[in-house]
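Enquirer: Chains A and P, in that order, are what the protein sequence lines are.
Numbering follows the working numbering, with no gaps: position 211 of the first sequence is 211.
Numbering follows the working numbering, with no gaps: position 96 of the second sequence is 96.
Each hint should be verified, as a subset may be incorrect.
[As the list claims (entries may be wrong)] SDA-like cross-link-like pairs, simulated, lysine to any residue; straight-line CA separation at most 20 Å:
no.	chain 1	residue 1	chain 2	residue 2
1	P	Lys85	P	Thr172
2	P	Lys291	A	Thr13
3	P	Lys47	P	Lys85
4	P	Lys316	A	Ile243
Just so you know, the hints here were simulated from the structure itself, not pulled from any lab data.
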Amino acid sequence: MNILVCISCVPDTTSKINFKEGNSSFDSQGVQFVINPNDEFGLTRAIWLQQKSGAKVTVVTVGDESCDPILIKCLAIGADQALRVNIQAKDGFQVASVLSTICKDKNYDLIITGRESIDYNGGMVGGILATLCEMPYLANCIHLEIDGKNVDLQREIDGGKESLKASLPVVIGAQKGLVEEKDLIIPNMRGIMQARQKPLEVISPNEIKPATEILTFKKPDEKGPVKLVDSDNIDELIKLLEIEAKVL
Amino acid sequence: MKILAFIESQDGNIKKTGLEIASYARAIADEKGFELVGVGFNINNSKILDSYGVDKFYNIETKEDTFFNVESYSGSISQLIEKEKASIIVVSSSADGRYLGPILSVKINSAYISNVVGLPTKYDPIQVKCSCFTNKAYNESKSLKDRVILSLSSNSFGLKEQNKTCEYLKGTYLSSTKSLKVTEVDRLKGEVTIADADIVVSGGRGLKGPENWNLIEDLADVLGAATACSKPVSDMGWRPHSEHVGQTGKPVASNLYIAVGVSGAIQHLAGINSSKVKVVINNDPEAPFFKAADYGIVGDAFEIVPKLTEKLKARKL
Ligand SMILES: Cc1cc2nc3c(=O)[nH]c(=O)nc-3n(C[C@H](O)[C@H](O)[C@H](O)COP(=O)(O)OP(=O)(O)OC[C@H]3O[C@@H](n4cnc5c(N)ncnc54)[C@H](O)[C@@H]3O)c2cc1C
Ligand SMILES: Nc1ncnc2c1ncn2[C@@H]1O[C@H](COP(=O)(O)O)[C@@H](O)[C@H]1O
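Chain A on its own, in the form it takes in the complex:
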C-alpha cells in the first residue's frame, strides 16, 4: 500500500503573529515552524499502517527550502521518503492543484491531509485535491480502519459522529481522534540518524495559478481591560451581562 501524507509547515501555536511590508505579508522573523498539528495526527496513523502492514509512507510539502527541517522531522518520525514541491504556496487551490499532478501518476491508495492548516485555516486542500483526482474525500476524519480494499471511517459532525464505508483509494482530512495526543511519535536518536539516509526529493513543476489572493492583513483591535466583579456580588455580574452586554 502506498500512502501520501500532505504536510503543511505552520507557525508554532504559541507564535505571536506579525505582518510586514505594509501589512501585505506574514512576517516569519523569529517564528518557529512546526508540522501542522492535524497533519501530525495523520502522519502517526500512516506510520501505524506502515508498521502493521508494510505500507510505504511518503510525505510531501509545497514550499521553499525553509520547509526542509519539517520534512526531515517527518522522516525521523518514520516516513520512508519525502518530497518537496519547490513552489511558494499562494492558496489552497494552487497547493491542491500542484499536489494532484503528482498524485495522478503515482497511484496512492490513501492520501492523508489535515482537517485544516492552523495558519490560513482554509480547510480546502483535501477536498479540492480529492475531487481533482476523482477520489472520494472524508473531512474531519476520526477513525480509519483498512481491510484489504475496504475502509471503515468516521467523521466528526456538529454534535456527534457519522460512520462510513468506502473502498480504496480515498483521501481523508485528519484531526485529533484519528489518533490520540499521547500516541504522537516523538523522534528518537535512531529515527533522527536514519532520517539522514532517507531520500528527500525536490521537484520544481510549472507554476499553477492560484484562485484567490490575499491583499492585506490586519490584527484584531486591542480590547479594553476586564471588568472584575466581586465574588460575593454575583448579581452584579448577571446585571452586567443582561443590561450592558445584552447577552442574557
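Please arrange chain P with the ligands on chain A, whose structure you already have, making use of the hints.
Expert: Here is chain P with the ligands on its own, set in the frame of chain A:
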C-alpha cells in the same frame, strides 16, 4: 445575475445557520440587484424562507439516500448553479458546509474562500474580510475567478429578516457513484452543539476531575448553552474530543463564552477570539484569561458556579 445560498437543515428543519446564510446572501443580493436562489435537502419548514428574503427555493428530495452525502449534494447543487447561472454561492461554516464547499468549487470551477466574516468590500472581482491564523488576525481576500463560493463564519452576520414572496420549486437529486457511503449517524439528541450555540460554558483543568462536571452542565442547562472544555481536559478523557475548543480544536463564535477554571493559554484563546462577550471565573488573579476577558470573577469555581446557576434559575422563574 444570481446568488445561491445553501440552506442547511437537520431532521427536515432549517437550522439557524441556514437562516444566517440566507440573511447574508440577501444583503449581497440587495447591494447588487441580484436574485437570491436558495437550495436545501429534504426540508419540511421551507415557508420560513419568506421572512428571510429568498426569491426562489429549490427543495431537493434525496429519496432512499437519507444521510448527508457530500458527493451527491455537491453534484446536485452544481447542476442547479449551472441551470440558474449563479455567480456567487454562500455556504455556512458548519462541519457539512466546510466539507461541501471545496468539493463544489472544483465541480463549478470557482474560487473558494473560507472564514468569511463580513459582507464583500468590493465586487468584480469580489473582495471579503476573512479571519486567519485561527482568529489571531484578519485578511482581505480577493477572488481571481469569475465565480466564488464564500463560507461564512457562523454568528458573524446574524439573522436579518426581510419579507419576500418566495417561489417554491423541486430540485433534482444527482446520486453519486463514488464508493464513500454513510452507514450510520450518531448525534446527541436534544443537546445544543458548540457550532449552533448562542452561549457556551467551558471548563478547564481547574475543575479537578470529570466528577465535577455537573457544575458546568448545570450552568449550561439553565442558560440553554453548549458545553466545551480545554485541550488537556479532553486529552485526559474527562470530556469528549468534540468539546475541545482552541487552535487545535473547535472554534467558538458564540455571543457569550463563560470559561471556568481555564487558564487562558494562547492556543485556547485563539479558538474563542471571535466570541463576542467573554466571562472568566478563576481563582488566580494572574491567569492570562483575565487579559482576554470582558468580565471576570476572581474566586473558587466550586463556590461561585453553583451560586451563579441558582441565581440564574431564580431569575428565570
Ligand atoms: C501544539 C499545542 C496546541 C494546543 N492547542 C490547544 C487548544 O486548541 N485548546 C486548548 O485549550 N489548549 C491547547 N493547548 C494547551 C494549552 O497550552 C494549555 O496547556 C491549556 O489550554 C491549559 O488548559 P487549562 O486552562 O484547562 O489548564 P491549566 O493551564 O492547568 O489551568 C487551570 C486553571 O484553573 C484555575 N483553577 C484551579 N483551581 C480553581 C478553582 N478551584 N476555581 C477556579 N479556578 C481554578 C487555575 O488558576 C488555572 O488558571 C495546546 C498546546 C500545544 C502545545
Ligand atoms: N503547502 C502545503 N503543502 C502540502 N500540504 C499542504 C500544504 N498546505 C496545506 N496542505 C495540506 O492540506 C491540509 C489542509 O490545509 P488548508 O486547506 O490550507 O487548511 C493541511 O492539513 C495539509 O495536509
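Enquirer: Checked against the structure, which of the hints given earlier come out wrong?
Expert: Of the numbered hints given earlier, the structure breaks just one, which is hint 3.
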